[in-house]
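K.L.:
Residue numbers (my numbering), protein chains in the order written: chain Z, 1 to 132; chain S, 1 to 191.
These are calculated hints, taken from the structure and not from any lab test.
Just so you know, even glycine gets a beta-carbon here, dropped at the ideal spot from N, CA and C.
Honestly, I wouldn't trust all of these hints.
Label pairs and their in silico Cβ distance ranges [unchecked claim]:
id	chain 1	residue 1	chain 2	residue 2	range
1	S	L35	Z	S121	32 to 42 Å
2	S	K119	Z	E87	18 to 28 Å
3	S	E107	Z	E77	48 to 58 Å
4	S	Y143	Z	E77	42 to 52 Å
5	S	V130	Z	A26	53 to 63 Å
6	S	A135	Z	K66	48 to 58 Å
7	S	A135	Z	E65	38 to 48 Å
8	S	A135	Z	N71	34 to 44 Å
9	S	G76	Z	F104	19 to 29 Å
10	S	E108	Z	I68	47 to 57 Å
11	S	I37	Z	D69	46 to 56 Å
12	S	K119	Z	E112	26 to 36 Å
13	Z	E112	S	A77	36 to 46 Å
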Amino acid sequence: MNKINNERGFMLLNVVFLTLITSFAAMILLNSDSRIRNPQAAIRLTAIHLANEQLAMMESLAATEKRIDLNYLGKPEDLTTINFSEENPIEFKVTSTDYSEENFHYIAVKVEWTLNERKDSVTIERTIIVVP
Amino acid sequence: MFRKKNHSGGFVFAEFAIALPLLILLGWGLATVGLKIFYLGKIQLADYVLEEEVHDVLSRIIYDARAAKNVKAVNGAPTLTFTYRTINEIKASDGALEVGDVIADKEEHRVYILVGGLKKKGSKINYKRVEEVLANPITGDNYFGETRVTQFEFEKIGEKVLHITLEMQSEVSSHKIKISTAVYMPGCESF
Numbered sequence: 001m002n003k004i005n006n007e008r009g010f011m012l013l014n015v016v017f018l019t020l021i022t023s024f025a026a027m028i029l030l031n032s033d034s035r036i037r038n039p040q041a042a043i044r045l046t047a048i049h050l051a052n053e054q055l056a057m058m059e060s061l062a063a064t065e066k067r068i069d070l071n072y073l074g075k076p077e078d079l080t081t082i083n084f085s086e087e088n089p090i091e092f093k094v095t096s097t098d099y100s101e102e103n104f105h106y107i108a109v110k111v112e113w114t115l116n117e118r119k120d121s122v123t124i125e126r127t128i129i130v131v132p
Numbered sequence: 001m002f003r004k005k006n007h008s009g010g011f012v013f014a015e016f017a018i019a020l021p022l023l024i025l026l027g028w029g030l031a032t033v034g035l036k037i038f039y040l041g042k043i044q045l046a047d048y049v050l051e052e053e054v055h056d057v058l059s060r061i062i063y064d065a066r067a068a069k070n071v072k073a074v075n076g077a078p079t080l081t082f083t084y085r086t087i088n089e090i091k092a093s094d095g096a097l098e099v100g101d102v103i104a105d106k107e108e109h110r111v112y113i114l115v116g117g118l119k120k121k122g123s124k125i126n127y128k129r130v131e132e133v134l135a136n137p138i139t140g141d142n143y144f145g146e147t148r149v150t151q152f153e154f155e156k157i158g159e160k161v162l163h164i165t166l167e168m169q170s171e172v173s174s175h176k177i178k179i180s181t182a183v184y185m186p187g188c189e190s191f
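Could you put together the complete structure from these sequences and hints?
P.N.:
Spelled out as structure tokens, the structure:
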């Protein structure tokens with residue numbers, strides 16, 4: 001009777017170890033899988049360059065036409081990206097804000113996007129001088 | 001004694017018969033998971049290299065463009081050439097340094113040129129300070145993942161505004177990354 005009990009205990013231990021090892025392996029796999037499917041950093045980099053594009057256009061306009069235009073001035077096709085998300089193109093929304101002090105315009109360009117139902121944004125600031 | 005031995009032997013065999021498939025299954029599972037993790041790690045590194053190279057090239061171009069006096073952009077065989085002011089030119093003006101002025105004792109060029117052809121395997125962007133010297137690749141040759149250039153375009157989209165589009169593809173993951181940006185060049189005289 002004792003012998004049978006021992007055998008059962010051993011089998012149970014086997015199952016426990018097996019479950020632990022497979023769960024651990026599955027955990028690692030799931031973790032790696034989610035990291036590879038998250039292109040957030042690449043999208044942020046694209047957004048930063050888009051904000052710089054908007055600022056470059058605003059600087060040009062300020063130098064040539066002596067005015068600040070807060071509308072999006074870059075190329076329209078740059079408002080969409082498929083970087084690491086071929087199946088679902090991501091749309092960017094560009095908003096510019098002007099905090100003026102006489103000729104000094106403190107411009108903040110905010111680029112927003114939604115990835116995997118999560119909203120994210122990046123804001124780039126620059127001072128643009130408009131010489132009258 | 002004889003009977004007992006026989007009984008034990010039978011039990012060991014039965015246990016072995018159950019344990020072996022379980023062990024094989026476990027080994028196979030672990031090997032599959034291990035390989036998958038290794039593969040994902042490789043892809044992650046390759047994608048990281050791709051992202052970093054695109055970012056590095058664009059940062060360099062923006063930095064150089066900001067200070068340029070002349071810009072020459074050719075899209076057929078993608079080449080971007082920046083020329084800077086010399087010390088004498090700066091002295092000849094009112095002596096004050098303007099935004100982005102580069103101090104050089106003679107006329108200096110910085111050239112970004114695509115070598116190897118667009119979309120071709122092993123295509124690289126090379127960087128040179130003077131047109132005559134040997135080129136230096138600034139993309140590709142990375143141990144963690146080879147890359148190729150699939151798009152490298154320049155366009156004037158505003159007064160003194162250079163628009164750059166760079167798309168690269170990883171040879172390892174086949175993933176592509178395309179980034180566009182623009183830079184305003186305050187001291188640019190011809191573009």
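K.L.:
Next step is simple, just say for each hint if it's right about the structure.
P.N.:
Status of each hint after checking the structure:
1. The beta-carbon spacing between L35(S) and S121(Z), approximately 38 Å, falls within the hinted interval of 32 to 42 Å.
2. Checked against the given bound of 18 to 28 Å, the beta carbons of K119(S) and E87(Z), roughly 22 Å apart, stay inside it.
3. Under the hint 48 to 58 Å, the C-beta atoms of E107(S) and E77(Z), about 36 Å apart, miss the expected range.
4. For the pair Y143(S) and E77(Z), the beta carbons lie near 34 Å from each other, so the given range of 42 to 52 Å is not met.
5. Between V130(S) and A26(Z) the beta carbon distance is about 57 Å. The supplied range of 53 to 63 Å therefore holds.
6. For A135(S) and K66(Z), the hinted distance range of 48 to 58 Å is not satisfied, since their beta carbons lie about 42 Å from each other.
7. At about 40 Å, the CB distance of A135(S) to E65(Z) agrees with the hint of 38 to 48 Å.
8. Between A135(S) and N71(Z) the CB atoms are about 41 Å apart, so this pair conforms to the stated range of 34 to 44 Å.
9. Checked against the hint of 19 to 29 Å, the C-beta distance between G76(S) and F104(Z) comes to roughly 42 Å, which is inconsistent with it.
10. Checking the proposed 47 to 57 Å range against E108(S) and I68(Z) shows it is violated: the Cβ atoms sit about 34 Å from each other.
11. Take I37(S) and D69(Z): their Cβ atoms lie about 50 Å apart, and the range 46 to 56 Å holds.
12. Separation of K119(S) from E112(Z) is about 32 Å and conforms to the stated range, judged on CB atoms against 26 to 36 Å.
13. A hinted range of 36 to 46 Å holds for the C-beta pair E112(Z) and A77(S), which are about 38 Å apart.
Against the hints set out earlier in the document, violations occur for numbers 3, 4, 6, 9 and 10.
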